[in-house]
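Colleague: The lines below spell out each chain.
There are 2 protein chains.
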Amino acid sequence: MMNSSDSARVYARENAERFQNELFEMLRIPSLSGDPAHKGDIKRMAEWLETHLRALELQNVQIMPTAGHPVVYGEWLGAGADKPTVLVYGHYDVVPALLEDGWHTDPFEPTVQDGKVYARGATDDKGQLFIHVKALEAYLKTNGAAPVNVKIFLEGEEEISSPNLVPFIKEHLDLLKADVCVISDTSMRSIDEPAILHSLRGMTYAEIEVEGPKEDLHSGLWGGAVHNPALALVEILGKLYNADNTIAVPGFYDDVVPLTEQERAMIAKTDLTAEQFKQSTGVPEIWGWDTEYSIRESIAARPTLDINGMWSGWSGPGPKTIIPQKAGAKISSRLVGDQDPNDIFDKLKKYIESITPPTVKVKVSLLTTGKPALFPINIPEMQAAAHAYEKGWGATPVFTRGGGSIPVVAEIADMMKIPVVMMGYGLDDDGLHSPNEKYSLEMFQRGIETAIVYLEELANM
Amino acid sequence: MMNSSDSARVYARENAERFQNELFEMLRIPSLSGDPAHKGDIKRMAEWLETHLRALELQNVQIMPTAGHPVVYGEWLGAGADKPTVLVYGHYDVVPALLEDGWHTDPFEPTVQDGKVYARGATDDKGQLFIHVKALEAYLKTNGAAPVNVKIFLEGEEEISSPNLVPFIKEHLDLLKADVCVISDTSMRSIDEPAILHSLRGMTYAEIEVEGPKEDLHSGLWGGAVHNPALALVEILGKLYNADNTIAVPGFYDDVVPLTEQERAMIAKTDLTAEQFKQSTGVPEIWGWDTEYSIRESIAARPTLDINGMWSGWSGPGPKTIIPQKAGAKISSRLVGDQDPNDIFDKLKKYIESITPPTVKVKVSLLTTGKPALFPINIPEMQAAAHAYEKGWGATPVFTRGGGSIPVVAEIADMMKIPVVMMGYGLDDDGLHSPNEKYSLEMFQRGIETAIVYLEELANM
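So the sequence lines, in the order shown, correspond to chains A and B. Residue 1 is where the first sequence starts when you use the numbering used here, and the numbers rise one by one after that. Residue 1001 is where the second sequence starts when you use the numbering used here, and the numbers rise one by one after that.
Rather than coming from a laboratory, the hints here were simulated on the basis of the structure. Quick reminder that beta carbons are idealized off the backbone N, C-alpha and C, glycines included. Heads up, some of the hints might be wrong.
[As the list claims (entries may be wrong)] Covered stretches of chain B (in silico footprint by chain A; criterion: 3 or more residues with CB under 8 Å from a CB of chain A, positions within the stretch not fixed): (1) 1028-1037; (2) 1050-1059; (3) 1210-1217; (4) 1306-1320; (5) 1353-1367; (6) 1443-1454.
The shape of chain A in the complex, shown without the other chains (with noise of 0.2 Å):
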């Protein structure tokens, strides 16, 4: 007699191309997230997955409003109240895409070459989220059943940084109640070796304004005895990185919790090869690259401070000889340890004002903020997730610590008090919020199977 996570996984195979295409559908819809001109089309994915939600027969399934955009939501509790219920977060939302950024495709209609498929939002994580609404199909058509109680909470704010989250999650605890949220957002080095991230960088996102002239000026009239803009914003960003690239904002390192070498030693284990690191990225040499921490703790473990964008003045074809009236940056830290996102946010607006010249004026603006999380290995949850790599995937997996933040983690475990699993079903090079973003119909596959062994193995920890 067959397993019913064996049904299931039959199952998945035999209604992998529709599968594919219910897929192909939500990657058709640019739900960005970021730009109000794309409110309808958020709300068109939400609708798109509430009906598919209601199709598959889960309960209480809804659109729920919150300040910004709405939360999807749907649940099969017919395990029953001894079986532990799980929390399936994902995002229906995504970052902006235009084809002149560099996309050989219409970024807006999946696109299959070798195998992937190439949309924005393919891995991120229209993608992986997915996978577990057709792990429970596959369940629910074969078995009638799931060995688990499953919620499917899914947000269309993560890539602005889930701003009405909290107050969401704090409104809604009752609804929400789980044993363990299981998040795929994430990913893996190579296909044979699969990741579960027990740790993940928080971040302050900023804007910095500089204004200078009451509006632009001719260079040749007035050049010589204003202060550029643009050059006082170059200065101004110079001054936050010290001669060795570490970041000369007084106190930001304060509250990062030094490595031991335990975690070094597991750390480890996942570190790139600086040949691997440039094949991956295509940068001709490392950053950095003389310091202490190796390339991996760089990248997962220790904090950083990058310039998001930048613009001033005339960047169309030919030459404008003026003085730009102003110029912008937005910056973002990632965060690690007890760093804590306001805090940074803090003491980088204070910095800035204090390196400013008096001629020119400046703003910084906190846009977003998520706080870093981190899980111990050691408990039946993510050995769980270990298990279903193994026989659902067919590998064993890693543990490792992402360099992403996905705020949602840290506000899920510290307001639910229950671990989140964070089991990656991309690639490291899928390319989310780069042009060209793809995602392997292979891992989609492989993905849902593990998924539909997580569920049992759930069900017998």
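Since the structure of chain A is provided, determine the placement of chain B on it from the hints.
Modeller: For chain B alone, kept in the frame of chain A given last:
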């Protein structure tokens, strides 16, 4: 009996409203020379001028092709070989203007408020070039003749630094042959203090592009070991300046000819107070105020290096957590004395390449150049201009140095061996190259009358 200039001035007053309406027709044509999308508008503008010059019954009227935008030419040689010939140079192209840059009205729909017309090109240079056309018309319609021979020479590439003008002049030296060139494309401090420019700064305009990874990267997955191209650009741009705001490019000041005491005394006559400077520009404080040069010296007789534009990564609404693939900037130097624009570009490029770290790639391209120019003030052509302002404008002019660059000035002087007299009919705060560029209709009228008198003064030299 009236002087011929008196009847021409009466005619100009009687036809003032029609002259203004004709100017407004020109201002409605968005003849942007730097943007290929506006090539058709450039053509329309050239055709409008050709039609207009033909209607005035000038001779030899033609649109003359160049490798870029065409020249419009027309002449009246009825004064005969014993009278001087004046070459009037102007440009019919304009710099870009977008409503969202801060214009209060459509930049290509001239709007009159408080006696000023607001439109891109109102002062730079459509309003000013048209003064000479109308002065000639006034003579021809009242006297059937002008006091001197006049050649009208209008180009369409001044705002992109006239890349095709030198070959054009070389090829048409006979056609353009004249005794003096007059250009109205500059301004005065106040309506009661007209200014004749006898010096201009030159220009080297370059673009820098820094490239890092092969595409935009997720800042969480890769941040910490990638040299952010925006930061690399910031570092490069920061190193172009010394701590005292002087320019750090080796050899940059080598060919700057020191100002004599006599020159400094003349420049001091048109110096600005800190209050006037802050009022005109809107800056909170003057930059480089503690240097050894006065404000007027800094903006008109000293070289500069300005950032005209800068771009990288995400500048749209909301956060986007990327490490940008590249970053770029447009920078330009205003040059004085014996500084050679190509030599300055070579020094700049070499220096930038030398300070670029191996973690990124850099490309430095030359966009345009213009040589500096300086003429003596005691020659008859300059003195005739001074008399013309006294009689036609009603105020004694000052001789000043201009901080801007009109590439053709140095080229005409070099190739045609004639003086160039820059009789500006604009105001310093007309906002050329800025939003809400304007031109006073009173100055338009007084300009036409001054131009009428100037032709008579030239005849009497």
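Colleague: State for each hint whether it applies.
Modeller: Tested hints:
Remark: the segment 1028-1037 of chain B is confirmed as covered by chain A, as 4 of its residues place a Cβ nearer than 8 Å to a Cβ of that chain, reaching the required three. Coverage of the segment 1050-1059 of chain B by chain A is violated in this model, with 0 residues showing a Cβ closer than 8 Å to a Cβ of that chain against a need of three. Closer than 8 Å: that is the beta-carbon criterion, and the segment 1210-1217 of chain B has 6 residues meeting it against chain A, so the requirement of 3 holds. Coverage of the segment 1306-1320 of chain B by chain A holds in this model, with 15 residues showing a Cβ closer than 8 Å to a Cβ of that chain against a need of three.
Residue count for the segment 1353-1367 of chain B with a Cβ under 8 Å from a Cβ of chain A: 6. That meets the three needed, and the coverage hint holds. Given a C-beta distance limit of less than 8 Å, the hint that chain A covers the segment 1443-1454 of chain B is violated, as 0 residues qualify and 3 are needed.
Checked against the numbered hints given earlier, this structure breaks hints 2, 6; the rest are met.
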